[in-house]
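Visitor: So in this note's numbering, the last spot in the sequence shown is 719, and the numbers never skip.
Label-pair ranges, simulated between beta-carbon atoms:
{"#": "1", "residue 1": "Ala586", "residue 2": "Arg615", "range": "42 to 50 Å"}
{"#": "2", "residue 1": "Arg590", "residue 2": "Ser610", "range": "27 to 35 Å"}
{"#": "3", "residue 1": "Asn581", "residue 2": "Gly671", "range": "43 to 51 Å"}
Hints in this document: simulated from the structure, not taken from any laboratory.
Where a beta carbon is used, it is the ideal one built from N, C-alpha and C, also for glycine.
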Amino acid sequence: NMEADALYERFNAFMADAVTLYDDALPVLSALQSRFTIGIASNALASSQRARVAAMGIPIEHVFLSEEMGCVKPARAFFEGAARAAGLAPGDCLMVGDSLTSDIAAAAGAGMIAASFGIACLLSLRVRSIAPRALLTAE
Numbered sequence: 581n582m583e584a585d586a587l588y589e590r591f592n593a594f595m596a597d598a599v600t601l602y603d604d605a606l607p608v609l610s611a612l613q614s615r616f617t618i619g620i621a622s623n624a625l626a627s628s629q630r631a632r633v634a635a636m637g638i639p640i641e642h643v644f645l646s647e648e649m650g651c652v653k654p655a656r657a658f659f660e661g662a663a664r665a666a667g668l669a670p671g672d673c674l675m676v677g678d679s680l681t682s683d684i685a686a687a688a689g690a691g692m693i694a695a696s697f698g699i700a701c702l703l704s705l706r707v708r709s710i711a712p713r714a715l716l717t718a719e
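Can you make the complete structure from the sequences, with help from the hints?
Guide: Set out below in structure tokens:
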């Protein structure tokens, strides 16, 4: 259906334009990329999420999308698959997210180090010395 396709394209364009980053996000991620592999983990649709990631203007090595992973966050398989795809053990990954259930508890349950930000900024699970080789951020 051409009308549905056109609407879908408009939606994707809107989502790409609607990207806003925290003021310090770009400098922080740019500084981290010399020491860490940076990825994004999301349940968003691949077509719109990839457009948003591209619009961010930062080099991200991995984009893990539930649509492509075959399972959705908070499934343990999602986080284990993301670590495996990055060539890492889950314990070598740090998941930074804003959802206590879909990001923090789920990643910790899969063996990752997990830290929260945003609304849930007061809670962090599995605190230990951090020497990860990968950083996954939720979108």
